[in-house]
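These protein sequence lines map, in sequence, to chains E and R. With the first letter of the first sequence counted as 1, position 281 gets the number 281 in this note's numbering; the numbers rise by one all the way through. With the first letter of the second sequence counted as 1, position 476 gets the number 476 in this note's numbering; the numbers rise by one all the way through.
Worth flagging that the hints you see were computed from the coordinates, not collected in a lab. Cβ atoms here follow ideal geometry from the backbone N, Cα and C, with glycine treated the same way. Treat each hint with caution, since some may be false.
Heads up, incomplete: computed chain R residues facing chain E, CB under 10 Å, no partners named [claimed, not checked]: (1) 11; (2) 14; (3) 16; (4) 51; (5) 136; (6) 139; (7) 140; (8) 143; (9) 144; (10) 155; (11) 299; (12) 303; (13) 315; (14) 325.
Here are the computed lysine-lysine pairs in the DSS-like style, where the Cα-Cα straight-line distance is at most 30 Å [stated by the list, open to error]: (15) R:536 with R:475; (16) E:248 with E:293; (17) R:328 with E:203; (18) R:350 with R:178; (19) E:25 with R:149; (20) R:76 with R:29; (21) R:475 with R:328; (22) R:29 with R:149; (23) R:260 with R:318; (24) R:205 with E:203; (25) R:260 with R:290; (26) E:293 with R:149; (27) R:645 with R:633; (28) R:105 with R:28; (29) R:278 with R:328; (30) E:293 with R:112; (31) R:318 with R:290; (32) E:25 with R:178.
Now for the letters of each chain:
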Amino acid sequence: MSDTSTAPRSFQEIILRLQTYWASKGCAILQPYDMEVGAGTFHPATTLRSLGAQPWAAAYVQPSRRPTDGRYGENPNRLQHYYQYQVLIKPSPPDLQELYLGSLQAIGIDASLHDIRFVEDDWESPTLGAWGLGWEVWCDGMEVSQFTYFQQVGGHDCSPVSGELTYGLERLAMYVLAVDHVMDMPFNDPQSPIPLTYGDVFKQTEEEYARWNFDVANTEVLLRHFEEAEAECKAILDQAHDDPKTGKRIVMAHPAYDQAIKASHIFNLLDARGVISVTERQAYIGRVRALTKACADAFVQTRAGGWTPEAVA
Amino acid sequence: MPVPDLLIELFSEEIPARMQTRAAGDLKKLVTDGLVEAGLTYASAAAFSTPRRLTLTIEGALAASPTTVEERKGPKADAPEKAIEGFLRGARLTRDDLEERDTPKGKILFAKITKPGRPAAEIVAEVLEQTIRNFPWPKSMRWGSGTLKWVRPLHSILCILVTEEGAEVVPMDVDGIKAGNTTQGHRFMSPGAITVRSFDDYTTKLQRAHVVLDASERADAIWHDATNQAFAQGLEVVEDAGLLAEVAGLVEWPVVLMGKIDDDFLGLPPEVLQTSMKEHQKFFSVRNPKTGRIERFITVANRETADNGATILAGNQKVLSARLADAKFFWENDLRTARAGMTDWLDALKNVTFHNKLGTQADLVDRMATLAREIAPAVGADPDQAERAARLAKADLASEMVYEFPELQGLMGRYYIEAMGEDKAVAAAAQDHYAPLGPSDDVPTAPVSVAVALAEKIDKLTGFWAIDEKPTGSKDPFALRRAALGVIRLISHNDLTESLSIVFNQLIFDHLMSPVYSAGNWGEGSLALLEAVREKLGSGISAVQATQELLEEVANGKSDLINLDYDDESQSLVTKTDEKSADLLAFLHDRLKVYLRDQGIRHDIIDACIAMPNNDDLNLLVKRARALSDTLKTDDGENLIQGFKRANNILTQAEEADGVEYSYGADPKFAETDEERALFAALDAAEAQITPAMQAQDFSTAMSAMAGLRAPIDAFFTAVQVNSDNATVRRNRLNLLSRIRQICLAVADLTRIEG
Chain E
1 MSDTSTAPRS FQEIILRLQT YWASKGCAIL QPYDMEVGAG TFHPATTLRS
51 LGAQPWAAAY VQPSRRPTDG RYGENPNRLQ HYYQYQVLIK PSPPDLQELY
101 LGSLQAIGID ASLHDIRFVE DDWESPTLGA WGLGWEVWCD GMEVSQFTYF
151 QQVGGHDCSP VSGELTYGLE RLAMYVLAVD HVMDMPFNDP QSPIPLTYGD
201 VFKQTEEEYA RWNFDVANTE VLLRHFEEAE AECKAILDQA HDDPKTGKRI
251 VMAHPAYDQA IKASHIFNLL DARGVISVTE RQAYIGRVRA LTKACADAFV
301 QTRAGGWTPE AVA
Chain R
1 MPVPDLLIEL FSEEIPARMQ TRAAGDLKKL VTDGLVEAGL TYASAAAFST
51 PRRLTLTIEG ALAASPTTVE ERKGPKADAP EKAIEGFLRG ARLTRDDLEE
101 RDTPKGKILF AKITKPGRPA AEIVAEVLEQ TIRNFPWPKS MRWGSGTLKW
151 VRPLHSILCI LVTEEGAEVV PMDVDGIKAG NTTQGHRFMS PGAITVRSFD
201 DYTTKLQRAH VVLDASERAD AIWHDATNQA FAQGLEVVED AGLLAEVAGL
251 VEWPVVLMGK IDDDFLGLPP EVLQTSMKEH QKFFSVRNPK TGRIERFITV
301 ANRETADNGA TILAGNQKVL SARLADAKFF WENDLRTARA GMTDWLDALK
351 NVTFHNKLGT QADLVDRMAT LAREIAPAVG ADPDQAERAA RLAKADLASE
401 MVYEFPELQG LMGRYYIEAM GEDKAVAAAA QDHYAPLGPS DDVPTAPVSV
451 AVALAEKIDK LTGFWAIDEK PTGSKDPFAL RRAALGVIRL ISHNDLTESL
501 SIVFNQLIFD HLMSPVYSAG NWGEGSLALL EAVREKLGSG ISAVQATQEL
551 LEEVANGKSD LINLDYDDES QSLVTKTDEK SADLLAFLHD RLKVYLRDQG
601 IRHDIIDACI AMPNNDDLNL LVKRARALSD TLKTDDGENL IQGFKRANNI
651 LTQAEEADGV EYSYGADPKF AETDEERALF AALDAAEAQI TPAMQAQDFS
701 TAMSAMAGLR APIDAFFTAV QVNSDNATVR RNRLNLLSRI RQICLAVADL
751 TRIEG
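Full structure from sequences and hints, please.
The following block contains the structure:
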């Protein structure tokens, strides 16, 4: 299955090859985060772990949701639920571009036949209070990945700098497998006893979620959930660092960050329901950013974020 | 001493195309300036850039900076020992370095301080490190664990000094990156290190390693190949210098590939094809000159392949089809909305803020429609058409195509309005009403377009003036200078007579009233008064005058209005209207000065014309300034100014001394000399020409008649003493001078002409 001398035959084979490749380069292969997020960057393995001085190398698939992009499964390449493949290495190694090109080779993109280009693309996430410089990577004129050197996350300067790679898996796989409509893409091996296409797996859910996202989701409930997540996030961070029960120092950066993620996703849902006006939009983004910033502030107060008792003393 | 050459290459990950040329220039400037400052002169320098490198070659540099000797004056030879010791300490010298010299002030000690020259390598290392650390990238970044900043990670520094004896690496190290004598070739076609001995060696080896160093050479090669391939098919490449420069910055080894656009998409407007291909894919458009249609595209790859680019071209073609499928989807959806009357779009404009103090786009459209209708007769447009055009001009902002490609605004409007079956003049106004954008842009001339274009700009200017958002210094976020120049050019180019003061007064008044109405907390008496004032503004008086007139009418019982309330707030609104309106007119006069100065008309000439009545009629102002400028370029014109000034000076002095104004009553019967009589005759004749010419706004006739006075005035001053002992004769002559002044000042305020 992972014989990279042959072309991959299915969506899942491309994912498996990426997993094998990045594992062989020393990355911890993590599992998707168990919450609804808009992009792989939101996984705490990227957002929080890009902060502080601790070295880090992780790769994972992250299901991502963008309610406004739903097209009832009819558009050849737009989905409200899709997969991103995410790699984060801190500090960014000097040969990250070569490592990345190796991953393209692994999934069957032969650099001697294709035109691979690094085209300027600065990255900024207003809800994460983050920015970085890098490129979108083009293969024969198609964007196949985002390549970013994080400079700031949650309002904190990144030092050392993390290198982040994001592959839009459906688009990349459609290209490698030469498929025109995402729903026609083989999900498992077409020679399997029960061959499944992407559409077999996701066509129905795309329809269901598109209807719910656009027309049914209860906006009053969502608005309330937003407020609640925001309040809970703040309440968690307001707790003293020292836990009265165990007597240990336990800064709850991750539970608080879960609430920030939740607020961010609810905002996306409200946006899809069309109940957020242009002026309100900025205010909501600002509120989510305030939460992620507070979580980043908390994370750097944890051991994983670089806190040590010595540093305080 | 051997004369070394210097070669520097800073090799990094991919530099954004838009930054490369500027960066090469900065590298050259910073390094050469640094070398020269340290005493290291050179014969020539050139800089180059590719996506992965900045290169600088310097030829004929000094091997070392010259030794310099500086002389410093010390204390007197017989000064106290402490003073001399202090001097020696300060200059870091010993007693032996001092020399005693006789001067007019006695024996004085002098010191010679010798600064030995430094080898080139030392200076280069210092200057290059400084350059790298302080490089003016528009945006730079850190990477890995380092603190060094560069546009993208910097991988290697090549820095060698080359003499006949060979190349030597300049020893230096910037945050762990040691300078060396190696570089890399093309990322994919020629990986591996290359050792370099000189600049010639460098370019030759790079060429062999599939890197064309010179961006202009890459651009030329791309253009040459592209046009050849198109020509072979009977087609032509649409020129785009900006795209060519950008594409040349995306490749080290350009390979031009031409592909076909799927037939499905050939029905899209050519501008849509062009924009989509350029913005998303950085493709050139290839046109069929017989049909004017865009039928093919050209993409520039960064490598050769075994299949001669077949895979690359097929991939690009596929991506393009997906993009164009989107564009086609937008186009077809938009056409449906347009044919249904554009109501969805017009409604959507109600939710788009124009400016938080100036309302929504829909509010803007309402104001434009009213104004375009009012302007229409003056520009020869049908008022209904002008209003309709203004109502539709911004509709395309809500279309899907313009959302995707904002640069197509206006143009899409034209297509969609035509598709609705509207008159072509109405459709054209949607495209034209943004114009002119740049100072050399074409100015719309179609009457409906002119009406809407003026309405758009005048509303913008008065609106932003009303809310105190005028440009300051280099800040002009709403492009109001451009709008002002647009108004000037539209009026002047189309020979329009438009009293801007009236329009400014009315619109600024309305803009100021708008928050008053929405607040809804002003008294009825105030509102009634302000509405009555607004009515009167149409006659061309100021808001303050209008208010006075109104209050007098009320006092005299000539108005039916009762219970008017002229409180502080209304008074402030009325005064503000006049202040802002006058300030806006002054702003337009400033822009006019810049505009006319670019056409070679001096600022004092413009001032002389601005000082005249009706200066809010910009067309009149421009004509007057042009005529005056032409006149002053003639010999007569230039000398007339001297004659005028002489007359004016004598007259002003006499008026001050005598405490009277000489303005009337010059009579030829008191004339004593022929020259005096001739001047009377000349003034009569000139006046007879000037008065009707001025009435007809025929400034050139008026001004050449005025310039014709030069000879009789000169002759008069040569022959006649104005200050005669005879009081009657003197008064008569002063009154005669006054006629010169009156006649000339009726044409322009010549007192403001310099020289």
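Legend entry - List of violated hint numbers, smallest to largest: Hint check: 1, 5, 15, 18, 20, 21, 24, 28 and 30 fail, others pass.
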